[in-house]
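Student: Letter by letter, the chains look like this.
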Amino acid sequence: MTRNDTATIEKKAAAILSGPSETRELPDWFREQQRAAWKQFESLRNPTRKDQSWRFANVGLLDLNPFKYGSTLTEKERTTILEQSRGLEEVAGRLIFAGDELIERNVISEQLKKRGVIFQSLERAMVEHADLFRKHFMSQPAQLGSAKFAALHQALVSSGTFLYVPRGVEIELPIEIFHWLTGENASAFPHLLLVTDELAKVTVIEHFRSVTEHAPGFACGVNDLVAGPGAKVTYVCAQNWADNVVALQMNSTMVDHDASAMSLNLHLGSRYSRFESLSRLIGDGGRSDLLAVAVARHQQEFDARTLQDHISPHTASDLLYKNALDDRARTIFGGLIRVEPHAHFTDAYQKVRNLLLSDDAEANSMPGLEILADNVRCTHGATSGQIDEDELFYLRTRGIPVPVAQRLIVTGFLDEVVQRLDHPAIGEHLHRLIEEKFAA
Amino acid sequence: MKTETAAIDIDRGKGDFFYPEAHVRDAGVGLSERTIHYIADVKEDPDWVREFRLRGLKTFLEKPLPTHWASKDLEAIDFDKIRYYLAPGTEPKRSWEEVPDDIKRTFERLGIPEQERKFLAGVEAQFDSEAVYSNIKKAVGEQGVIFVGSREGLKNYPEIFRKWFSKVIPVADNKFSALNSAVFSGGSFIYVPPGVKVKHPLQAYFRINAESFGQFERTLIIADEGSEVTYMEGCTAPKFNTPTLHSAVVELVALKGAKIQYITVQNWASNVFNLVTKRGLAQENAEVKWIDCNIGSRLTMKYPSVIMKGRKARGEVLSIALANDGQHQDTGAKMIHAADETTSNIISKSISIGKGRATYRGLVHVPKHLKNCKNNTECDALLINSTSRTDTYPAITVRGTGNAVQHEASVSQVSAEQIFYMQQRGLTEAQAMSLSVNGFVNDLVRQFPMEYSVELKRLIELEMEGSVG
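Heads up: the protein sequence lines correspond to chains A and B, in order.
Counting along the first sequence from 1, when you hit position 381 you're at 424 in the numbering used here, and nothing is skipped either side.
Counting along the second sequence from 1, when you hit position 217 you're at 580 in the numbering used here, and nothing is skipped either side.
Think of the hints as simulated: they come from the structure by calculation, not from any bench.
Idealized CB from N, CA, C, for every residue including glycine.
The reader is advised that the hints may include incorrect statements.
Unchecked claim - Sample of chain A residues with no beta-carbon within 12 angstroms of chain B, all distances over it, derived: (1) ASP94; (2) LEU107; (3) ILE124; (4) LYS178; (5) LYS191; (6) VAL212; (7) GLU215; (8) GLU227; (9) VAL254; (10) HIS385; (11) GLY411; (12) LEU451; (13) GLU479.
What the hints assert, rightly or not - Simulated crosslink set (BS3-like; lysine-lysine; CA at most 27 angstroms straight-line): (14) B:LYS421 with B:LYS518; (15) A:LYS191 with B:LYS435; (16) B:LYS421 with B:LYS456; (17) B:LYS501 with B:LYS622; (18) B:LYS526 with B:LYS619; (19) B:LYS560 with B:LYS518; (20) A:LYS82 with A:LYS111; (21) B:LYS622 with B:LYS530; (22) A:LYS93 with B:LYS421; (23) A:LYS394 with B:LYS731; (24) A:LYS394 with B:LYS530; (25) A:LYS93 with B:LYS560; (26) B:LYS560 with B:LYS622; (27) A:LYS93 with B:LYS530; (28) B:LYS672 with B:LYS622; (29) A:LYS93 with B:LYS426; (30) A:LYS394 with B:LYS560; (31) B:LYS731 with A:LYS93; (32) B:LYS518 with A:LYS480; (33) B:LYS672 with B:LYS737.
Claimed, not checked - Quick list of simulated restraints, FRET-style, between CB atoms: (34) A:GLY455 with B:PRO533: 53 to 61 angstroms; (35) A:TYR437 with B:THR791: 56 to 64 angstroms; (36) B:PRO427 with A:SER61: 28 to 36 angstroms; (37) B:ASP443 with A:ALA79: 39 to 47 angstroms; (38) B:ASN748 with A:ALA57: 56 to 64 angstroms; (39) A:ASP327 with B:ASP806: 30 to 38 angstroms; (40) B:GLU780 with A:ARG463: 29 to 37 angstroms.
Modelling step: build the complete structure from the supplied sequences, incorporating the hints.
Tutor: Now the structure itself:
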């Protein structure tokens, strides 16, 4: 199913810096919010490296002038995208976006629908489920430095995914979402709003890809994940944009009591990719696992900022980020565990490990702690090193050539994170993507 | 409070007294070019120092307060209400008898002459802006060791002084190093000739006596090839109602194979802003070690650094911070690796009591194309009360292969079982708590010189009083 074709034909590609388009068919209240968000975007200043939340980042790459939005898709591009949107073998539902246009939708089963699962585009949800939508849509302020870009996203977002899983419903198979950038200087504003009610269970994987190799582009996405009491939410992001794309993604997860949320971000593509993950533990017994794997090569820069915000007592969080860096690549990890006053019996862990494979690669780590309660157990660690010569030697004595041995060691190093997901089908998919990147 | 005389007195109650001021030299209140010229005139600075001061002032006025990352509490300092230079207008005395009676009484109450007799190789005592007493044991002086105030260093040893002065910490390093460059006065100048190993520590004692006063001492220590020296500093001030500012710059230069150990026990009164820049330069095979204990002050911002410039240089920071009600100890370390096979080690332990806040801020930098550099960082924080706060903000940059950097931090509290166990054995809760805290810092304190470890333990016991229940 596609959107109204006449509407898309009327649209001309405009510069994203010219502001929200008035031709889109969105509810008035939403348009009002967009205009306000645009004003906010314009009033906030550009980040500089002197801002703590942008320390070490190459902010010079954030020039938005070249980028356009709202361009239309040719039939050929549409066919290509549909052909290439291959992810997992078995899924419970699938959406495919090209830019901000929903071009295909494989709906969920009747059975799930009957049980009250809502899986639809954002623009439909804001009409059909306005209350639920308004309650959760961008309800968390962007705290990790990208308030300006969150405002830009809100001003320009025109589609996205809305997924609601009601009380007690467990969706066994993953839900899959594709986001594509097509052509030169295209932009996308991917959005996912996932709300789970009590004891619900769901797994979502998002693929971020480009049709045109090496094409510059801009992506600015927001994810709001709400894990209701006792719910279990798994979110996987497989970022594989073309190598000239500038991408920002702001992810916020709310974890209610006894709920557990797990996220895994795989970063392979883009020129500069910033990923902000905010995990708010708002109820007793909540748990959040934050995982990430990055393979940075050439002149790529991956900029990860995280906040494990413990608001309620008896909550746990565990972060494991691993980066493999080659050539002139750079990575930045800026993470914070924050234990709010009264959030006693917090158990928080944070670990970042960098594996440097070349003399020009650079890894920056800023693991932070802010503890305002006692009776907590908080630990963090950061290491930077290179391939262990003994391990390499061992593999060589077994007749494995050096390049293969190196790759084995690196993938082994990264696989530990993927294993933690404990989802064989997704794990295998991610593993394949990592292998492809090394083979390229 | 206590009867026996300990080697180093850092008991907070003991420093809280003051005598009426009798300063002959007074630069007045506030900071302007006039203040700079007044100080330069009084101190008979050579022209290059006067220009250096003016450059410092300009930089200080240009730079904003670093509140985008540092505590907003810095805004409580009113730079226009501070007195930047106060001195009795006399040369430092070489014999204790010559020191004016009121100042002598001050330092006698703090136990300085006793300590000197006991084990120190030399002592310098600074009262507000200038050194009032400076003495070095004859045997040490005969080895060619220079230990004088910074003013005398500048006057009598200009060739060594100028060669290294401000070379480790440039004027524009930060707002407070710029301020120090503008109005610096006092501090120590030490030169240890090649191969000389100074057996006993040299000590400086810093005392603020006047209200609304800013102390800006400047210390420069040069350890020539293969020499070794240990320097200790202690600081106290009475508690006035208005904020007092202490903003020192300390530069250490360890030439090839030299070793410098710099020990600070900071016990300022709880109205002192203690904003200090400390940095050491380690040449080939040299070692710079900072032992930094922060017990007093309202806000301390201090991150002792080592630039490892020569092959196989070593840098080390051992840091203990204790933050009680109304205190923020924002301390840490910076390790800049600038040569192959350099190694650095940071161990930081902090204790937050009541509403106290302890912050660790660190920087480890391994630039391109270096081989076999190693850094190890461990920071542990202990929280005593539910209102206590601790933060850790390290920043680690590693470029290239062939280096190993690891950072670990943990936050914990005294375990209830431990306390219960000790209470079972007849200890009060407070005693049990104090024992636990001492256990927490024990492995670090053991690396300190004996006199300090004993004192520190006792001081921690004092600070722990009334923190439970």
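Student: The structure should be examined with respect to each hint, and the outcome stated for every one.
Tutor: Each hint tested on the structure:
A beta-carbon of chain B is positioned within 12 angstroms of the beta-carbon of ASP94 of chain A; the least distance is around 7 angstroms. With a minimum CB-CB distance of about 24 angstroms to chain B, LEU107 of chain A clears the 12 angstroms threshold, and the non-interface call stands. No beta-carbon of chain B comes within 12 angstroms of the beta-carbon of ILE124 of chain A; the shortest separation is about 39 angstroms. Chain B leaves LYS178 of chain A outside its interface by the beta-carbon criterion, the shortest separation being 33 angstroms against a cut-off of 12 angstroms.
Remark: the non-interface label on LYS191 of chain A is consistent with the geometry, its nearest Cβ contact in chain B lying 16 angstroms away (cut-off 12 angstroms). The beta carbon of VAL212 of chain A sits about 39 angstroms from the closest Cβ of chain B, which is more than 12 angstroms, so the claim that it is off the interface holds. Listed as outside the interface, GLU215 of chain A is consistent with that label: its C-beta sits roughly 39 angstroms from the nearest C-beta of chain B, beyond the 12 angstroms cut-off. For GLU227 of chain A, the condition that its CB be more than 12 angstroms from all CB atoms of chain B holds, with the nearest at approximately 33 angstroms.
At roughly 35 angstroms, the least C-beta separation between VAL254 of chain A and chain B is larger than 12 angstroms, which holds for a residue marked as non-interface. The Cβ of HIS385 of chain A sits about 8 angstroms from the closest Cβ of chain B, inside the 12 angstroms cut-off, so the non-interface label is violated. Taking the minimum C-beta to C-beta distance to chain B, about 5 angstroms, the non-interface status of GLY411 of chain A is violated against the 12 angstroms cut. With a cut of 12 angstroms on Cβ distances, LEU451 of chain A stays outside the contact zone with chain B, its closest approach being about 17 angstroms.
Distance to chain B confirms GLU479 of chain A as a non-interface residue, since its nearest Cβ pair spans about 24 angstroms, more than 12 angstroms. Simply put, LYS421 of chain B and LYS518 of chain B have alpha-carbon atoms about 25 angstroms apart, close enough for the 27 angstroms limit, and the pair holds. Using a Cα cut-off of 27 angstroms, the hinted pair LYS191 of chain A and LYS435 of chain B holds, with the two alpha carbons roughly 24 angstroms apart. At most 27 angstroms may separate the alpha-carbon atoms for a hinted pair to count; LYS421 of chain B and LYS456 of chain B exceed this at roughly 34 angstroms.
A distance of roughly 22 angstroms separates the Cα atoms of LYS501 of chain B and LYS622 of chain B; the hinted pair therefore holds under the 27 angstroms criterion. For the proposed pair LYS526 of chain B and LYS619 of chain B, the alpha carbon gap of about 16 angstroms is at most 27 angstroms, so the pair holds. This hinted pair checks out: LYS560 of chain B and LYS518 of chain B have alpha carbons roughly 25 angstroms apart, not beyond 27 angstroms. In summary, the hint linking LYS82 of chain A to LYS111 of chain A is supported, as the alpha carbons are separated by about 19 angstroms, within the 27 angstroms threshold.
Note on LYS622 of chain B and LYS530 of chain B: the hinted pairing holds, with a Cα-Cα distance of about 19 angstroms set against a maximum of 27 angstroms. The suggested pairing of LYS93 of chain A with LYS421 of chain B holds, with an alpha-carbon distance near 22 angstroms, which does not exceed 27 angstroms. At roughly 24 angstroms between alpha-carbon atoms, LYS394 of chain A and LYS731 of chain B fall within 27 angstroms of each other, so this suggested pair holds. A hinted pair counts as satisfied when its Cα atoms are at most 27 angstroms apart, and LYS394 of chain A with LYS530 of chain B does not qualify at roughly 37 angstroms.
About 44 angstroms separates the Cα atoms of LYS93 of chain A and LYS560 of chain B, which puts this hinted pair outside 27 angstroms; it is violated. At most 27 angstroms may separate the alpha-carbon atoms for a hinted pair to count; LYS560 of chain B and LYS622 of chain B meet this at roughly 9 angstroms. Note on LYS93 of chain A and LYS530 of chain B: the hinted pairing holds, with a Cα-Cα distance of about 25 angstroms set against a maximum of 27 angstroms. Annotation: proposed proximity of LYS672 of chain B to LYS622 of chain B holds, straight-line Cα distance about 14 angstroms (limit 27 angstroms).
Pair hint LYS93 of chain A plus LYS426 of chain B holds up; C-alpha atoms about 13 angstroms apart against a cutoff of 27 angstroms. Straight-line distance between C-alpha atoms of LYS394 of chain A and LYS560 of chain B comes to about 43 angstroms, which puts the hinted pair past the 27 angstroms bound. For the suggested pair LYS731 of chain B and LYS93 of chain A, the alpha carbons sit about 22 angstroms apart, so the restraint of at most 27 angstroms is met. Restraint check for LYS518 of chain B and LYS480 of chain A: the C-alpha separation of about 65 angstroms exceeds 27 angstroms, so the hint is violated.
At most 27 angstroms may separate the alpha-carbon atoms for a hinted pair to count; LYS672 of chain B and LYS737 of chain B meet this at roughly 14 angstroms. In this structure the hint that GLY455 of chain A and PRO533 of chain B lie 53 to 61 angstroms apart at CB is violated, the actual value being about 46 angstroms. About 57 angstroms separates the C-beta atoms of TYR437 of chain A and THR791 of chain B, a value consistent with the hinted range of 56 to 64 angstroms. The hinted window of 28 to 36 angstroms between PRO427 of chain B and SER61 of chain A holds, with their beta carbons roughly 35 angstroms apart.
With their beta carbons about 42 angstroms apart, ASP443 of chain B and ALA79 of chain A fall inside the hinted range of 39 to 47 angstroms. A C-beta distance of roughly 57 angstroms is found between ASN748 of chain B and ALA57 of chain A, which places it inside the suggested range of 56 to 64 angstroms. Take ASP327 of chain A and ASP806 of chain B: their Cβ atoms lie about 36 angstroms apart, and the range 30 to 38 angstroms holds. One distance hint, 29 to 37 angstroms for the beta-carbon pair GLU780 of chain B and ARG463 of chain A, holds here, with the actual separation near 31 angstroms.
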